[in-house]
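Enquirer: Sequence:
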Amino acid sequence: ERIEINDDESTDHFENIQSTNWQTVRWKPPPAGAPLTGDKHIGWRTEFRSMEVQLTDFENAAFTVLVVLLSRVILYYDLNLYMPLSQVDENMRRAHKRDAINTQKFWFRQTVMPKVSERQSRDGCNSCGGDLSLQELSISEILQGKGEFRGLVPMIMAYLDMIDTDTNTMNMVCNYFQFICARAAGGLL
Numbered sequence: 001e002r003i004e005i006n007d008d009e010s011t012d013h014f015e016n017i018q019s020t021n022w023q024t025v026r027w028k029p030p031p032a033g034a035p036l037t038g039d040k041h042i043g044w045r046t047e048f049r050s051m052e053v054q055l056t057d058f059e060n061a062a063f064t065v066l067v068v069l070l071s072r073v074i075l076y077y078d079l080n081l082y083m084p085l086s087q088v089d090e091n092m093r094r095a096h097k098r099d100a101i102n103t104q105k106f107w108f109r110q111t112v113m114p115k116v117s118e119r120q121s122r123d124g125c126n127s128c129g130g131d132l133s134l135q136e137l138s139i140s141e142i143l144q145g146k147g148e149f150r151g152l153v154p155m156i157m158a159y160l161d162m163i164d165t166d167t168n169t170m171n172m173v174c175n176y177f178q179f180i181c182a183r184a185a186g187g188l189l
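All the letters of the sequence shown, read from the start, carry residue numbers 1 to 189 under the UniProt record's numbering.
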């Protein structure tokens, strides 16, 4: 590999460092040489990488809808889902165990909504700030909530309600989420 690289012209160094841990989410920088402003600027992208292909079209659609809507909710509510990589790695180890959906709990932030003062003071360097208290939750609890943690699905449903989603779309999304939540609770294979 090339060591002496101009980082203004190539993203090779970044890609090499990033590739050491990208099991669930990958950052994709703008291509080297791409315009930094204007209509042609594509900016940084985030790629969710955590799902396998499901057995049916319905299952694939359900998880695709979940990921797309979750990405909208993360952006709209400015959710802070940052966690130490050691916890992400531990979650991956637990997820690979047999019957993990029923037997394992996973590290997740207790507080994902930013405080008003955090929103106003973000400058990129302290975007990991705020309460980094973690708790162990089942996948069902992460999706549906537990205690003061509202859950990702209720946040998505509140967002859909706020943007006045039509009844047919809401019914379709509810069917998808009922399936996902039942699977997360261990009720479906």
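No lab work stands behind these hints: they were computed from the structure.
Quick reminder that beta carbons are idealized off the backbone N, C-alpha and C, glycines included.
It is possible that some hints are incorrect.
Claimed, not checked - Okay, derived cross-link-like pairs now, BS3-like style, lysine-lysine, Cα gap no bigger than 25 Å in a straight line:
1) K146 x K115
2) K105 x K146
3) K146 x K97
4) K28 x K40
To be verified - For each label pair, taking beta carbons as the anchor points, the in silico distance ranges come out as:
5) T111 x G43: 44 to 50 Å
6) N168 x R45: 27 to 33 Å
7) H96 x G147: 32 to 38 Å
8) R94 x D57: 41 to 47 Å
9) A182 x R94: 16 to 22 Å
10) N168 x L132: 30 to 36 Å
11) G43 x V67: 17 to 23 Å
12) T37 x N168: 37 to 43 Å
13) V67 x T167: 21 to 27 Å
14) E4 x C174: 52 to 58 Å
15) N102 x K40: 44 to 50 Å
16) T165 x L55: 46 to 52 Å
17) L85 x A61: 27 to 33 Å
Enquirer: What hint numbers does the structure not satisfy?
Expert: 5, 7, 8, 10, 16
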